[in-house]
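Novice: Here are the chains, one letter per residue:
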Amino acid sequence: MAAEEGKVDPMKQFTIEPIFGHDWQLADGFNIAFTNSALWMALAAVLVWAFVAGGMKRQLVPGRWQMAVESMTGFIDDMLEANIGKAGRKYVPYIFTLFMFILFGNLLGLLPVGLLGLHPFTFTSHFTVTGVLAILSFSIVLVVGFAKHGLHFFSLFVPKDTPFLMAVFIAPIEFVSFMVRPFSLGLRLFVAMMAGHVLLKVLASFVIAGGGAGPALGAAVGIPSFVLMVAISALEILVAGIQAYVFALLTSLYINDAENLH
Amino acid sequence: MPQIEQLSEVFASQVFWLLVIFGLLFLVVGLGMVPKIMGTVDLRDQQISGDLAAAQAARDAADREEEAWRKRENENRTAAQGLIAEAKAAAAKASEAKLAAAQTRLDARLAEAEAGIDAARASAMAEIESVAADAARDIVARIAGAEVEAAAAEAAVKEVMAHG
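Protein sequence lines correspond, in order, to chains A and B. FYI, in the working numbering the residues of the first sequence are 1 to 262. FYI, in the working numbering the residues of the second sequence are 1001 to 1164.
The following label-pair restraints were derived from C-beta to C-beta distances: (1) B:Arg1044 / A:Lys86: 17 to 27 Å; (2) B:Gln1056 / A:Val176: 55 to 65 Å; (3) A:Phe226 / B:Ala1053: 55 to 65 Å; (4) B:Pro1035 / A:Lys148: 18 to 28 Å; (5) A:Leu60 / B:Gly1082: 49 to 59 Å; (6) A:Gln59 / B:Ala1053: 18 to 28 Å; (7) A:Val191 / B:Leu1019: 16 to 26 Å; (8) A:Leu60 / B:Phe1011: 41 to 51 Å; (9) B:Ala1053 / A:Ile232: 51 to 61 Å.
Just a sample of chain A residues kept apart from chain B, beta carbon distances all over 10 Å, derived: (10) His149; (11) Ala167; (12) Ile173; (13) Val180; (14) Ile223; (15) Pro224; (16) Leu253.
Cross-link-like lysine-lysine pairs, in silico, DSS-like; alpha carbons within 25 Å at most: (17) A:Lys86 / A:Lys160; (18) B:Lys1036 / A:Lys90; (19) B:Lys1098 / B:Lys1088; (20) A:Lys201 / A:Lys12; (21) A:Lys148 / A:Lys90; (22) B:Lys1036 / A:Lys57; (23) A:Lys86 / A:Lys148; (24) B:Lys1036 / A:Lys86; (25) A:Lys90 / A:Lys57.
To be clear, the hints were calculated from the coordinates, so they are not data collected in a lab. The C-beta atom is built at its ideal place from N, Cα and C for all residues, glycine as well.
Put together the whole structure using the sequences plus the hints.
Specialist: Structure below.
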């Protein structure tokens, strides 16, 4: 998918370029160069840290910033309490970090820093990233489940009060649906973020191509495409929040399975 | 799709930096800051509920105080009314006694006066008898020209008067 001269390649935005440390090796063959992807992850992490640090004044009567941070932690706390119950409180640090990291990553990818000549990058549009996050969440489910219930955790695959004959068929289905969870969790976020960015790039290429085809055709194609881009950008901001929420919500639902078997 | 094309060359870097950055974020923000923020929220909630409870307790105390005051007030009022009733009863008794004394005194004087009147009447009657006897003797002497003994005249008068 090499970009031809004068054409916009909608996939180019997802390329990863090493920034420094080209020859850093973790082991033989494992290159860990600091890439633009890592840079945007670090930016998102620093922004999350700055956001939360701004709310650390710990005043009895909170200011605006503290109120914003407390409403975010309260939002995650409420979600976990609703899905898991009182035991959900101990997962707030993980779910909060996960939610904020994905949310800031999604939103940072939407910033029009391309106007400044920089390469905007959405690390959540890479399944290497979303996959690792999904596996992290899934590992927590497995660790909590087996630590809490031992081998009894396998009864998760047999819904309560299932007759034996049905359980024989239901258990394999439940097992497959359980094992698919990390993939669906990681792919959902990756696909949602990539699709939105590709769509925006495609529409932008319409505007550019239309502009090159003369004033009349340019206006006929370019203006509707541009209006659509504005609308889809608004939608993408919504999707950025929703996908981060869905990731955190599903993680908390899966942890609920492990915490409260059935 | 660069995600797949570059997979083999960037896979290790992606996973490594994600784990490092996300891990640091989890340690610093998730474990370091979030519990403090939630602690602040809990502290505030506790303070608010504590203040509300204190206000409720103060209000209850005030209500109890008022109730006790009202009870005391009512008791005082009843006591005062009792005192007034007692004083009234005592005054009524005293005036009754005085009236009774005055009545007895009056009765005594009345009886005395009646006795005086009776005595006067009796003496007047006696005088009338003697005058009548004298008059009867005079009338007899004038009309019949006979001298009647004073005692006989008196007896005759007495007899007439007794018959009415």
